[in-house]
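Residue numbers (my numbering), protein chains in the order written: chain A, 8 to 362; chain B, 80 to 366.
Since the hints were made in silico from the structure, they are not lab data.
Do not take every clue at face value.
Below, simulated DSS-like cross-link-like pairs (lysine-lysine); rule was C-alpha separation at most 30 Å, straight line [said to hold, decoys possible]: (1) K356/B / K222/A; (2) K232/A / K206/A; (3) K232/A / K263/B.
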Amino acid sequence: MYIVETRTKASRIAGIAALVLLVALIAAPLFASRSMIQDLFFILTMLTLAQFWNLLAGYGGLVSVGQHAFVGIGAYTLFGAGILWGMDPIAALLICGVVAAIIAVPTAFFAFRLAGAYFAIGTWVVAEVVRLLVAQWQTLGGGSGTSLPPQARDFIGVETIATLLDVRTAAARDIVTYWLALALAVATIGGIYWLLRTKRGLALAAVRDNIEAAKSVGVDAVRMKWLVFLVSAFGTGIAGGLIYLQKGRVSPDAAFSVTDWTAFVIFIVVIGGIGTVEGPIIGVIVFFLLQSLLADYGSAYLIVLGALGIVIMLFAPRGIWGLISARTGIQLFPIRRRLRRAATSTKPTTGERHG
Amino acid sequence: MIWVDTIVQGILLGGLYALFAAGLSLVFGIMRLVNLAHGDLIVMAAYVILVVVSFLGINPFLAAAIAMPLMFGFGWLLQRIVLNRVLGEDILPPLLVTFGLSIVLQNALLEGFTADSQRIGAGALETASFAVGPVTLGVMPVLTFLSAIAVIVGLNQLFYRTALGRAFRATSDDPVTASLMGIKPASVFATATGIAMIVVTIAALYLGMRANFDPTIGPARLIYAFEAVIIGGLGSLWGTLAGGIIIGVAQTVGAAINPEWQILAGHVAFLVVLLIKPRGLFPRAYD
Chain A
8 MYIVETRTKA SRIAGIAALV LLVALIAAPL FASRSMIQDL FFILTMLTLA QFWNLLAGYG
68 GLVSVGQHAF VGIGAYTLFG AGILWGMDPI AALLICGVVA AIIAVPTAFF AFRLAGAYFA
128 IGTWVVAEVV RLLVAQWQTL GGGSGTSLPP QARDFIGVET IATLLDVRTA AARDIVTYWL
188 ALALAVATIG GIYWLLRTKR GLALAAVRDN IEAAKSVGVD AVRMKWLVFL VSAFGTGIAG
248 GLIYLQKGRV SPDAAFSVTD WTAFVIFIVV IGGIGTVEGP IIGVIVFFLL QSLLADYGSA
308 YLIVLGALGI VIMLFAPRGI WGLISARTGI QLFPIRRRLR RAATSTKPTT GERHG
Chain B
80 MIWVDTIVQG ILLGGLYALF AAGLSLVFGI MRLVNLAHGD LIVMAAYVIL VVVSFLGINP
140 FLAAAIAMPL MFGFGWLLQR IVLNRVLGED ILPPLLVTFG LSIVLQNALL EGFTADSQRI
200 GAGALETASF AVGPVTLGVM PVLTFLSAIA VIVGLNQLFY RTALGRAFRA TSDDPVTASL
260 MGIKPASVFA TATGIAMIVV TIAALYLGMR ANFDPTIGPA RLIYAFEAVI IGGLGSLWGT
320 LAGGIIIGVA QTVGAAINPE WQILAGHVAF LVVLLIKPRG LFPRAYD
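Can you make the complete structure from the sequences, with help from the hints?
See the structure below:
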């Protein structure tokens with residue numbers, strides 16, 4: 008008798024540590040300053056975007072450089088729902104994801120026609136098209152953008168938090184969006200980890216490692232690519248809506264910025280370690296530290312980030328987490344399936360399958 | 080009559096896009112490398128020409144002739160030191176490295192030259208024009224178009240008439256077998272990127288003389304180049320010219336209807352072609 012398991016000792020310890028960290032993060036607004044809450048919000052939303060891009064490129068093999076399209080679509084859906092329909096922004100967040108996923112269907116239809124590397128530029132073209140179309144939309148401010156109307160700024164929970172924690176409305180808004188960002192990041196990491204451990208996750212890894220071999224054992228590669236692309240668009244759309252709910256102001260150039268929402272995200276994943284759940288977490292911390300250190304230098308900061316991305320791709324293509332993992336064998340989010348003898352477990356590992 | 084004029088201007092604009100695209104097409108054709116920094120390399124070459132013009136006070140065409148060997152050397156080293164390391168089955172490393180390069184180049188140019196828009200002065204040539212029947216043609220657009228044709232003819236001659244071209248085709252087909260015949264793929268690839276950078280310099284010369292440029296316009300040039308390549312069909316340089324013309328005409332027609340639609344119309348034309356003929360109008364390569 009054998010049983011298949013993925014858990015390791017390190018993953019159990021990491022699970023407990025993660026729970027402690029999560030409790031601390033939930034309680035953060037009670038003791039942290041407003042600027043720290045804003046920093047944490049930024050880290051959590053970038054982490055969410057990075058996880059979805061990693062799912063796309065690291066697991067699905069779909070290197071998109073047009074994910075800023077879905078951030079912008081999410082942002083504009085949120086503002087559209089608030090301005091045109093007077094909808095509560097928090098309720099509209101889900102719609103942001105749905106709209107992004109709907110627009111991902113024609114995007115994928117076009118981009119999947121482009122083989123290999125040209126897929127990347129194809130997604131970029133679609134993002135440009137969406138940006139140019141949105142800039143024509145005069146009700147939402149056209150090319151110069153618009154602000155969230157006052158009635159939409161006091162969304163569900165803001166008043167309550169302001170009274171409970173005795174803070175100003177603006178600070179309460181930051182706290183609510185921060186908790187939403189935390190929930191989104193946790194749901195994203197948990198959801199992706201769950202997906203990778205299911206049958207579909209195994210199929211996905213098979214497609215990434217060898218598409219022909221995967222097809223030969225009955226994996227529908229095209230369906231897997233569609234699944235990954237739509238899921239990523241959905242999550243990226245929600246994150247985009249949330250980011251601009253916190254900012255309170257949107258413009259096409261900012262919401263569809265290739266630097267902010269695609270370049271940064273790609274560097275986070277590459278530096279941290281592409282193709283792992285841990286990578287983007289490490290990457291976002293490194294990214295934030297670099298930004299805090301070098302933000303005053305403007306474009307020099309981007310030169311350093313770009314150069315670091317190139318160096319890592321050349322000399323350590325599995326990123327920082329890849330180096331750590333290769334040296335220590337630690338996996339915090341193990342997805343490798345191992346066969347273990349169930350009854351008398353004298354030999355814990357009898358066979359390994361690459362996951 | 081205004082429509083004839085619009086379409087003729089569009090065709091001539093297509094020459095510029097074909098120049099943007101030829102270098103991209105060359106590199107992809109030989110080593111299956113999609114260079115996301117291609118647009119930024121064009122902008123960089125425009126700054127090199129600008130610096131030569133302002134330091135030596137010479138004609139831009141002469142300055143471009145000086146910039147060409149510099150850009151060839153840069154491309155050669157770039158391929159030799161960086162890009163050759165990431166070529167292979169996996170498409171991820173070359174994409175991410177060239178994307179990183181794009182960000183680095185853009186911001187290095189911003190540091191060096193600020194965000195102010197620049198122009199390469201070409202004197203009387205900028206406004207010179209002549210009439211052909213009812214249509215007035217600018218000398219500069221006509222010169223751009225003729226240069227695009229010259230570049231394509233030149234590249235085709237190089238490909239099919241020279242030993243270097245034979246080495247290019249052989250390495251493109253099968254690097255391992257080619258290396259058995261005494262060809263060194265690493266140095267063939269470096270030479271190919273060097274030649275692509277010469278084409279990039281020609282494109283940059285016209286980009287800089289025809290309109291203002293600044294460090295941030297690279298990605299848009301990459302997108303036009305890419306659209307021209309895909310519309311034309313991978314592996315066909317004449318197809319690339321046709322692709323450039325389609326984008327150019329779509330843009331001028333779009334702009335004639337509503338100035339805000341110029342760029343959008345070009346992208347829509349690309350999507351329509353992708354919808355009807357996913358492999359482009361004149362496909363040749365199968366990958």
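Taking the hints in turn, this is what the structure says about them:
1. K356/B / K222/A: Holds, at about 26 Å.
2. K232/A / K206/A: This hinted pair holds, its Cα atoms lying about 15 Å apart.
3. K232/A / K263/B: 37 Å, violated
Hint compliance for this structure: hint 3 is the single one not met.
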